[in-house]
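One-letter residues, chain by chain:
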Amino acid sequence: MTGLPATLRIEAEQQFSSGFVVAPKLEAALDPGAVLVLFGPSGGGKTTILRQIAGLDRPQRATISWAGETWCDSAAGIWRTPQERLAGIVFQQPALFPHFTVRENIEYGLATRPRQDRRCRGDELLDLLGIADLAGRLPHALSGGQAQRVALARALAPEPKLMLLDEPFASLDAPGRNRLRRDTRALLGRIGTPAVLVTHDRAEALAVGDMMAVVIGGRIRQIGAVTDVFSRPADAEVAASLGVEAVLPARIVDSVDGLASVAIGSALLHVADRDGGAVGSDVYACIRAEDVTIELESPSHASTRNHLAGRVVSITPEGAVDRVSLDCGFAIDALITRRAREELRLVPGMAVTAAIKATSVHLVAR
Amino acid sequence: MDWDALWLSVRLAAATTLVLIAIGVPIAYWIVYSPRRWKVIVEAIVALPLVLPPTVLGFYVLVAIGPFSPLGGLYARIAGHGLPFTFEGLLVASVLYSLPFAVQPFSAEFAAVDRQLLEASWSLGVSRIGTFRRVVLPLSTRGLITGIVLSFAHTLGEFGVVLMVGGNLPGVTRTVSISIYDAVQSLDYGAASRTSLLLLAISFVILTVTYSLHRRVWIGAER
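Which chain is which? The protein sequence lines are E and R, in order. At position 137 of the first sequence (counting the first as 1) the number is 137 in the numbering used here, and the numbers step up by one without a gap. At position 64 of the second sequence (counting the first as 1) the number is 64 in the numbering used here, and the numbers step up by one without a gap.
Mixed in with the good hints there might be a few duds.
Said to hold, decoys possible - Listed below are several chain R residues computed to face chain E (Cβ distance under 7 Å; list not exhaustive): (1) 111; (2) 112; (3) 118; (4) 119; (5) 123; (6) 124; (7) 125; (8) 141.
I should point out that these hints are in silico values taken from the structure, not numbers from a laboratory. All C-beta atoms in this analysis are idealised placements derived from N, C-alpha and C, irrespective of residue type, glycine included.
Model the full structure from these sequences, guided by the hints.
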């Protein structure tokens with residue numbers, strides 16, 4: 001990928017009649033093809049922020065700029081319409097024009113270009129999205145995944161400098177969702193168009209995102225590289241919205257009969273991998289603290305596949321259970337009952353074995 | 001059978017419908033998409049002919065287009081004759097009288113178009129008017145047909161307003177409903193029944209054709 005990063009700056013305040021205020025403040029430099037994820041619980045204001053960027057919502061107070069171009073400055077009275085911003089937008093529903101064919105939908109935004117140009121660009125996008133055989137169909141004859149591909153192609157056709165994706169994969173079934181996620185990520189990287197993606201799905205944030213902003217209660221609570229945000233949540237509320245799992249960068253080194261071996265640093269984990277990632281591919285291994293147990297010595301007969309030598313780093317009481325932080329070559333937490341902790345006589349610095357069932361490790365493709 | 005009256009009614013209905021398409025579409029567009037709060041007042045004004053007695057409407061129109069009003073005076077100076085008791089005067093009254101029958105189906109159909117389609121179109125660089133022309137209008141054929149047919153049929157059957165504004169001049173303002181009234185007044189029940197039956201048949205055929213068309217369009221959209 002070549003090209004300089006472009007900076008998205010937002011400082012806005014939009015009050016709804018319900019009293020809810022969406023007041024994002026963020027600055028993110030996006031490389032060509034990079035994806036900024038707006039992540040957070042439903043009703044937190046993610047979609048509103050996206051609509052502010054698109055110019056579909058007009059905040060009472062705002063300054064919004066993209067790549068040095070001011071799109072909105074309420075103090076200076078500057079307002080660019082959605083037509084002038086020309087940010088490609090894809091909604092959760094495909095919102096295709098029902099009276100136009102797939103090709104006519106894709107070429108819709110090219111009306112000002114000569115006919116030959118339109119045709120060319122249409123062909124190009126039909127190919128890019130792998131939907132050339134659907135060109136003559138009407139939207140009602142498409143599956144959900146096909147329709148979303150057409151919506152993507154339509155948004156990309158006028159060559160927008162920024163793509164805005166509002167949970168575009170959420171209405172698809174799991175296999176279709178994963179495929180379209182991967183394809184979208186690869187496509188954006190290839191054509192070098194940066195994107196802002198709204199999602200409440202952590203697997204999606206991990207699979208597609210480069211940067212991530214956590215949106216809670218109408219505000220941006222944390223922004224950074226995806227792995228940084230997952231491994232170092234700014235506060236308890238952000239951590240809760242991200243889920244309780246540890247997210248560890250890993251690589252698949254072997255895969256036999258649905259059982260994969262993944263390397264996390266110097267440690268090796270066996271994982272029952274239903275998604276069947278290819279050997280050599282980078283993944284995130286997600287492990288819930290509840291699924292990590294602690295043993296004092298390595299048992300010879302047990303069904304648990306993974307036994308990792310490690311050391312107790314710290315012990316934090318959390319109500320009836322204790323959170324035991326371990327260093328097994330990588331950082332991981334175990335949640336165990338206080339009684340178990342007392343019986344094992346755990347103290348910081350002690351050598352232990354962490355046991356993790358192969359079925360408790362969840363892999364997310366990167 | 002009063003063919004003159006029938007022909008006059010058809011001409012009036014056709015002219016009224018054309019004018020209503022020209023002004024009804026922009027009014028409906030404005031009612032649906034304007035952010036102004038006071039648009040409810042415009043909606044109410046448009047709907048007034050539905051509840052007002054035709055004589056009341058006719059009376060105000062007569063006064064408004066009469067030689068003593070600014071509007072009527074201006075027209076009289078330009079055209080050389082007044083509006084009342086002419087075809088043009090009748091047209092003005094009919095347009096007002098049938099306005100809700102065009103505007104309401106139009107606006108109901110415009111409002112039913114998924115807003116996300118409009119937002120998608122705007123974000124693709126297409127202006128609001130362009131979006132209306134390329135997305136909203138084609139998806140509103142059902143409402144457009146309904147409005148056009150209702151306007152035509154409603155004008156064809158109007159009586160009170162015509163009587164107030166147009167009077168009863170054969171070939172100029174004597175429409176088919178007036179002619180039936182005349183026939184009954186002069187106890188010519190045969191003529192009244194023949195003309196009535198014809199008007200009934202015409203109205204019935206128009207509505208049947210519309211509804212069947214409707215169905216086709218509707219099923220086509222759902223398929």
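Verification of the hints:
no.: 1; hint: 111; result: violated, 17 Å
no.: 2; hint: 112; result: violated, 12 Å
no.: 3; hint: 118; result: violated, 9 Å
no.: 4; hint: 119; result: holds, 5 Å
no.: 5; hint: 123; result: holds, 4 Å
no.: 6; hint: 124; result: holds, 3 Å
no.: 7; hint: 125; result: holds, 5 Å
no.: 8; hint: 141; result: violated, 9 Å
Taken one by one, the earlier hints fail for this structure at numbers 1, 2, 3, 8, listed in ascending order.
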